[in-house]
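What follows is each chain in one-letter form.
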Amino acid sequence: MRCVSWARHAFNGRDWLAKERVWSLMGFACKVPSEPGWWENAVTFRLEGRGLGCERDDRWLFANLDLAVGPGEMLRVEGPNGSGKTTLLKILSGQLSEHDGELLWSGKPMRRNRTAFLANLLYLGHAPGVKSALSPLENLAWYQALNGEHGSEASRMAALDEIGLYGFEDVPVAQLSAGQQRRVALARMLLSPRPLWVLDEPFTAIDRQGVAALETRLQTHVARGGSVILTTHHELTPLPALRRVSLGVS
Amino acid sequence: MWAFIHKLGSPKWFYAISTRLLPWFWAAAAVLLMVGAAWGLAFAPSDYQQGNSFRIIYVHVPAAILAQSCFVALAVAGGIFLVWKIRLADMAATVIAPFGAAMTFLALFSGAVWGVPTWGTWWVWDARLTSMLIQLFLYLGIIALRGAFASRDSGAKAASVLALVGVVNIPIIKYSVEWWNTLHQPATFTLTERPAMPVEMWLPLLVMVLGFYCFFIALTLTRTRSEILRRESAKRWVRELVEGRTGGDTDGL
Amino acid sequence: MQVVEPKTGLAVAVKATVKRDLTLLLRRRGEVLNPLVFFALVITLFPLGISPDTDLLAEIAPGLLWVAALLATQLSLDVLFRGDFDDGSLEQLLLAPQPLPALVLSKVLVHWLLTGLPLAVMAPLLGVMLALPAGSYAVLAVSLALGSASLSLIGAIGAALTVGLARGGVLLSLLVLPLYIPVLIFGAGAVQVAVLGGNAAPHLALLGALLALALMLAPWAIAAALRISING
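Chains as they are written, first to last, in our numbering: chain A, 1 to 250; chain B, 1001 to 1253; chain C, 2001 to 2232.
Simulated from the structure, these hints should not be mistaken for lab results. Do not rely on the hints blindly, as some may be mistaken.
30 Å max Cα-Cα, derived BS3-like pairs, lysine-lysine [unchecked claim]:
1) A:Lys-108 / B:Lys-1085
2) C:Lys-2007 / C:Lys-2019
3) A:Lys-108 / C:Lys-2019
4) B:Lys-1012 / B:Lys-1085
5) B:Lys-1235 / B:Lys-1012
6) B:Lys-1012 / B:Lys-1174
Cβ-Cβ distance ranges computed for the label pairs, FRET-style [to be verified]:
7) C:Arg-2029 / B:Val-1116: 50 to 60 Å
8) B:Arg-1230 / A:Glu-98: 46 to 56 Å
9) B:Val-1083 / C:Thr-2023: 56 to 66 Å
Every value quoted in this text rests on a predicted model; they were computed, and no experiment measured them. Every residue gets a Cβ at the ideal spot worked out from N, C-alpha and C, and that includes glycine.
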């Protein structure tokens, strides 16, 4: 299997120190497994859609779409407004179960495998999903708790610092600018390791440096063996791992 | 089994089958309703207490029974639509809801008319009238909820959930209201007890109830067929059907 | 990158959701107070509209208090999921690797803690103003506390169904109020029995039964309704 061999290649463990450095750079408070050979047992993932189609109120947004995303791959969904990009992302993130075709997570149908899938998913929608009456720290704490983990205040502080919200950790989100609010949502990327990122227009309201940093972050995630599915109007730097799906060509 | 259910759920198949069934149900409904009405209104003996005014049960009771059956049918259709995503079930639910509401209203109205000679007033807060009134509100809620959604699919699903919630609640509402107040006569028709009415009185009632059911089935089939044509108007079989018929009869459209 | 195994931290998630919703509501105390003020205001209207005669008021007080409390609960329901829907948190709640019924149950719990329970505590005060006979105050408070929990659960189904609609408020009343009737009958009945000096325990037991039923079924209906609304 191609994805398995890829994962071995990515994590062949040649240089633990370097890997640890990458992880800590990303702001993770994660333990890097220490015994050599752990990756042999590591299960890889693959999100696969076969013959996906979506009909809404007698209008076919798209039909017969085959796609797959595995470790180290980035998939960009393209298309004009109203071509069903957001709908496809909702299907791929398991929110819309009403569609044609089959959705598989690691080879098993999504319907039966939903919780396992959701534990691996990070989804950012149009709305940032940030409570304006809470501080960025409180927002992140809730997100971590939703996954059933307590997390630590230090890791949340580190994530917020890294995303460029140093000094705003305890300010109610309502007092932050739109771009800063967006960054609070983006800080979730740094918190817990989720292999699959599904991002709907992640660059909205972010300033130029933020865009560059975010793009680097996406590339790092892919290089580390994660995968990204996104829609954006922003021009992405061409990557070998970048693939495209075009909707609404008709 | 599943293949059969899904075949049954195919609008095209349903359309073909209902074309054959429809005339029979309409004929049965017409015959039963005419016989029942004539028998009940003209030939059945009058009640020794209520005189001729009791004859309104030949409308009131079938309407009330049908109003409740419609709600169950609505919930069953909603459940089928939510679980198996069979669109035909939702098309049926779309046409059953207004009919059920109309029947509930008819039962309420005939009950009120009956109340004038019986209790000397148009409205009594009697247990069964009250739960009927609540049921009317439930119907109106389902119809309003379906209409409130911009997307028809979401409206259909929301209405199905509400119908299921409603059908769980209806017995609770009914028993709590009955507990709250019982002024009305005991139920006219029970399956478990022998009816207290003489045969000449309840037999026409039975005919009327059957007639109402046939009318309900026939009307639902007819209206579901037009709903199918409306929703599937882009499908090829519908186009072929309509083109083949242009100038011919447009029965069911 | 390694696949993440789902953690079974449901307790953590529920606790955090309760804490978050409590924090949110306590930061906007006005929203918590509004139903209480509404309750008091409606009760004030009745003597003005009917008669200040204490005998008459005492007779209708159980029903008045219950109807007013029911309306106050209902009015506060519209915002139960709306804030989360508008800012996208609801999407995230639905994507949590946790059973959704449990998460929505914790939201409903917070709603009850900050609406139903205060209403139940406040009702005896208003009962005094309506000349409710002594001895029925405890039953009034207990019946409202039990009943309003069912009201929150049933109402949350309606709130979840209408959260995606721009103007769901009036529709929500139309959907929810008919479903409230059994709770109203047994709740007001309990207080009436207590006023007459009878044993209110059977009524309270029935209220408890309704609550048990609502606890069993409503979370699933709310979860299903939210999944529909989020894609409306």
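Hints and how they fare:
no. : hint                                : verdict
1   : A:Lys-108 / B:Lys-1085              : holds, 21 Å
2   : C:Lys-2007 / C:Lys-2019             : holds, 20 Å
3   : A:Lys-108 / C:Lys-2019              : violated, 36 Å
4   : B:Lys-1012 / B:Lys-1085             : holds, 16 Å
5   : B:Lys-1235 / B:Lys-1012             : holds, 10 Å
6   : B:Lys-1012 / B:Lys-1174             : violated, 39 Å
7   : C:Arg-2029 / B:Val-1116: 50 to 60 Å : holds, 54 Å
8   : B:Arg-1230 / A:Glu-98: 46 to 56 Å   : violated, 21 Å
9   : B:Val-1083 / C:Thr-2023: 56 to 66 Å : violated, 38 Å
Violated hints for the displayed structure, listed by number in ascending order: 3, 6, 8 and 9.
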